[in-house]
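Bring the two chains, given one by one in their own frames, into a single complex with the hints.
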Amino acid sequence: MSGQRRVLGGWGQVGLVAGREIRERVRARSFQVSTGLLVLVIVALGVIVRVGVGDGPGALRVAVVDADGGALEQALVAAGERSDREVDPVIVPDGSTARRVVDDGDADLAVLAEDRQVLFADEVDEQALSIVRQAWAALDLRDALVGHGLEESEVAEALSARPIEATTLSGGDGDDGLAILVGTLAAILLFITLQTFGTYVLTGVVEEKSTAVVEVLLVRVPARHLLAGKVIGIGVAALIQLVLAVTAGMVSLALASVSVPGEVWSALPMVLVWFLGGYALYSTLFALAGSLVSRQEDAQAAAAPIMTVLIGAYLLVFFFGYAPESTASRVMSVIPPLAPLLMPMRMAAGAASVLEVGLALVLMVAGVVLAWQLAGRIYNQVLLQRGTRISWRAAGAFLRGD
Amino acid sequence: MLEVRSVAKRFGPVVALDRVSFQVRPGELVGFLGPNGAGKTTAMRAIMQLVALDEGVVTWNGAPVDDAARLRFGYMPAERGMYPRMAVRDHLTYYARLSGLDAAAAARAADGWLERLGLAERAGDTVQSLSSGNQQRVQLALALLGEPDLLVLDEPFSGLDPVAVDTLSEVLMEQVERGAAVLLSSHQLDLVADLCSAVVIVDRGRVVLRGEVDDLRAASPVRHLEVEFASPTAWSPDGMGPRPPARRHRLELPAGTAVEQLLGSARAAGEVVAHRYGPPDLSEVFRHAVGRPVEVAPAPSDAEAGRDVGSR
Chain A
1 MSGQRRVLGG
11 WGQVGLVAGR
21 EIRERVRARS
31 FQVSTGLLVL
41 VIVALGVIVR
51 VGVGDGPGAL
61 RVAVVDADGG
71 ALEQALVAAG
81 ERSDREVDPV
91 IVPDGSTARR
101 VVDDGDADLA
111 VLAEDRQVLF
121 ADEVDEQALS
131 IVRQAWAALD
141 LRDALVGHGL
151 EESEVAEALS
161 ARPIEATTLS
171 GGDGDDGLAI
181 LVGTLAAILL
191 FITLQTFGTY
201 VLTGVVEEKS
211 TAVVEVLLVR
221 VPARHLLAGK
231 VIGIGVAALI
241 QLVLAVTAGM
251 VSLALASVSV
261 PGEVWSALPM
271 VLVWFLGGYA
281 LYSTLFALAG
291 SLVSRQEDAQ
301 AAAAPIMTVL
311 IGAYLLVFFF
321 GYAPESTASR
331 VMSVIPPLAP
341 LLMPMRMAAG
351 AASVLEVGLA
361 LVLMVAGVVL
371 AWQLAGRIYN
381 QVLLQRGTRI
391 SWRAAGAFLR
401 GD
Chain B
403 MLEVRSVAKR
413 FGPVVALDRV
423 SFQVRPGELV
433 GFLGPNGAGK
443 TTAMRAIMQL
453 VALDEGVVTW
463 NGAPVDDAAR
473 LRFGYMPAER
483 GMYPRMAVRD
493 HLTYYARLSG
503 LDAAAAARAA
513 DGWLERLGLA
523 ERAGDTVQSL
533 SSGNQQRVQL
543 ALALLGEPDL
553 LVLDEPFSGL
563 DPVAVDTLSE
573 VLMEQVERGA
583 AVLLSSHQLD
593 LVADLCSAVV
603 IVDRGRVVLR
613 GEVDDLRAAS
623 PVRHLEVEFA
633 SPTAWSPDGM
643 GPRPPARRHR
653 LELPAGTAVE
663 QLLGSARAAG
673 EVVAHRYGPP
683 DLSEVFRHAV
693 GRPVEVAPAP
703 SDAEAGRDVG
713 SR
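Each protein sequence line maps, in turn, to chains A and B.
In terms of this note's numbering, the first sequence opens at residue 1 and continues consecutively.
In terms of this note's numbering, the second sequence opens at residue 403 and continues consecutively.
I should point out that these hints are in silico values taken from the structure, not numbers from a laboratory.
We put the beta carbon where it would ideally sit given N, CA and C, even for glycine.
Just to be clear, a hint being listed does not mean it is correct.
Unchecked claim - With beta-carbon atoms standing in for the labels, derived distance ranges:
#1 A:30 <-> B:413: 35 to 43 Å
#2 B:513 <-> A:388: 34 to 42 Å
#3 B:480 <-> A:30: 52 to 60 Å
The shape of chain B in the complex, shown without the other chains (with noise of 0.2 Å):
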């Protein structure tokens, strides 16, 4: 299991990291988030010691990670970044040999994973010659060399198409099932709320929430309740003043209120087609911990016409 440990680094005087702490057991698949500047990447620095912390400690299965634990996990940085002019199977092979396996498991392993990758046949090409694409499958590939106990992977799927992202996610899922702890950051929220098992969220250096998906959705302060009209209808919810007309009404609300009550005044308002009533989606539980407007997630709360609402 991986442990991060009260971890502090401050960057002259910016402060990356304010005491962070979290966990990843083998099997589990975790969801690191956070706004960009958050952290993030100093974190997974952290964990691969490329970073020197200034307080606390990251230990594999109760030990601090040291070059033994290390050469078992396998890393894809946010900057993507391999030998131009190396043939794609020598840059593996290299790379799976400089992790320990011997020159037959290191051939091995560059080919399993070529062909997994769709690569094969770009085998003997060089790095710069394969589209940009085809470059992060390579940059994962040497992530994933000789099965390794805990998967770092910095924005996986940053930069890859809908067919790539579903390969990326396949395997991923693999890697879970294998026992491979994996820890993941992205933006894509709705991906991560499907792949991964828990979150952490954190902003400005510091965990502002974690645990897993659906128990902070469920103890969110928040419900979601959308109402949708047959025609466009105008609508004054109690207590939340008149909204213009329009077929979806969506309202968030305090959790355990009463929604029979508001459902009725909906119908008196028009004819209701359906009504959604649940948990916010992983998204607004973001936008929530952060606090704050961010990039990834709508403008919040108001009821917008014609706004899709995620599925979850």
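The following block holds chain A by itself, in its conformation from the complex (with noise of 0.2 Å):
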């Protein structure tokens, strides 16, 4: 019984590392607690926002007062569909009787047609007003045609408004807001995962060197492979979270029936690609900082310099993501710890050629395997040099020492 034993390969352990992190974090009522509100937090928006304000503008109730046999409700109505607003006129007997039920807030808008006047009770809709006057015009239109002798139904001809296509000589919709809204809110999604999570690792790392369960631990595992497997499970961990997250974001924009542009959608998978490779260069030194403390309360200032530079690489996308085109964006958008936060808004503005892209992903992976190397030097030498916090400039000593 005693011989029953196997070597585990590099993946074997890492993996076993990994499932350690993810039971217990998954465990944790913390987690469960946190996963839970959120969920319930972004649902709960949706709901809001459903009861709040209803399907949409409402319809446009409009009093009118009408001389002509019902034709200006027709038209008005016609009016309403050409511009998307549904309008329900309601016949009324005389003009005072229309600015009561206006005054009352029974109607949003009365029509006087003898008058040709238009009251609102408190400030003029711009909206309401165009589709009233389209609505004279038409009726003028209709009049006048009528008036040189052509047919009713002739009139309806050529009165009836045939569609129009809208396009653009740039073979896009044109729509640079919207771009740079979908590259914004990537950057701020990515800044908060990859600090969150990054945060998760690093606390996991020094609870590991805080509580010396480590030295038990580098008696049968590799430093290297230790770090492997915290960073997965910790990132599968955060990606459950994020998962469901997005899945309650999903739901509660149903729930308040936005219509999501499929921009929207179309960069997600740039997002989860960006997300893998941030976190896998961000989370490696946030672990490599946890390693040269002994305590918790002094983890944040290790990570100090790790933090500033994606502190710095989220505010540089709101300095040159308005500029995707400029020679400083372009340059910085392949530097490897920019590029998960300044690709993406590029990327979004159309602004990145497939060669960039490449350039920046290349270094990327090459960053993050450099980080990987000098960690599990490093990481091997500190876990079990307890007491004071170990300097960067000492921690980098042992990279030339040993």
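As structure tokens, this is what we get:
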């Protein structure tokens, strides 16, 4: 029985370490509560919007004093259709009734046909006014055509609006605002997730060192496999949380009847790729920072240089993101620590060439590999050095020394 | 067999280990002794391959310790450490898996040790909810999982109550009978003398004494004579000057001293109820080897009135 042992391969060890990380995290009450609250809040937002706003803007209620036997009402409904606004006309007998109805809030506006007057309660609704103008213009035109001897059917034929197609010379729909919005949202999402999950890795490593459990672990698992397992395990737990949040977000949007532009969905895979690259790089560095300290109180101070770079990259999005074609923007968006935030922005704006994206990805992978090599070598030497915080300079000396 | 061969390690200006050599055979329990800072923990870490050595090598069955061999070493570090929020049983099975056991064997090993150490009903509790004594039992179980070939235990008795000390002693004897090699460090020298067949004593990074406990005691250049009088009696042993009145007198003598002559002078001084003559006990051997007063031993040599003499 004592002989039943097997030397685990590297991936076997990484799998066990990652498995523990995922199990313990998902089982933790704090994880369940925070994830539950996150999902609840996101769905609640959708419910609130639905209850508060209803199904989009309501029908335009128009009190009409008509002398023309219903022609104005029909013209108003038709004009409303052309403006994507439902019009709900109500016939009232005279001007004073119309005033009262508007004053009481039972109608949004009143149209007095004989006086050619439009009444609003407080302020003029430009869209409503435009609908009334169109309706009147159509009526006037009809009257004029009939006055020149055309048949009613011919008039109707002449007035029927043919659909118009809008295109741009550049081929897209020309919505620069939306591209910038998507890029900015992606940067914000990436920044928050990299920071949150990086901090999980940081505190997780400090826990292992501060409780000294790392000493019994290191006689079973090499430091680099502990590092890999932790980063992967926390990454998976984080993705579970992220997927639940995104699903809740989709439910919430559906509840609120908000239609999401296709650009947002097509940006998701790109965000995921840069999240994975950014997470691999930053969490490795955060783990390294955690390995330098022996107390949770010192963790933030050790992680400060990494946090500074991450925040810097985030701020650069707002400096260069809006000028995605500039040389500075091109150069910065391929540098590994900056790329995860800047490149998605430029890609959303359609400013990044395939070559640039490819270069950024290659450099990113190289950066991750380099960070792994450095972390693996330093990690091994500092994990058992408990006590005062080890400076980054001293950690660098390990690389040269050993 | 574990062999530590001429192992040296310095940390900056501090020499932690200075060509340390010793062996631990299967079925042997070796006590690793030395004052604080003597290099015991560094040596144990070196055996567990946690320290990059400046010189020397640690071998298991003749070959330098590799990952496969180390997987069969159980280790209890001086600084205890576990995941505080992990359930006890989960912690044990996780570690057993890392030690190369498959899932079923890991579960069996964890349950077996929880039962043996009286922790079965705490299996689902978190480590941090246990008392420090129980946490220490879990830490011991981590070292024992999967019947290791070698146990390296740094101060396994510190902080244990007498009952727990007995349990641990029993467990260690079982491991030795099973054929495991055991190396343990301790400051509780009577305990080491009871349990261990051999000791290695280090001081300032050097091995100052090593061998079988009884041999070391016999080889000591000193002997002790204890004389008990019926009532407090003043006594002037030959060539040692007068001693104030006391019921018990204890003399440290060079080996080979003629004891009968001394006893004659004692009987002349008063009524002798009992006497004992023999080699020094382990703590005295230790004290001599280290060559200066240390915290574990009483002040040397004076035949103090009323001071109890160790049983060995």
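Each hint, compared with the structure:
Distance hint check for residue 30 (chain A) and residue 413 (chain B): the Cβ-Cβ separation is about 39 Å, which falls inside the suggested range of 35 to 43 Å. The supplied range of 34 to 42 Å is met by residue 513 (chain B) and residue 388 (chain A), whose beta-carbon atoms lie about 41 Å from each other. In this structure the hint that residue 480 (chain B) and residue 30 (chain A) lie 52 to 60 Å apart at CB is violated, the actual value being about 32 Å.
When the structure is compared with the earlier hints, a violation turns up for hint 3 alone.
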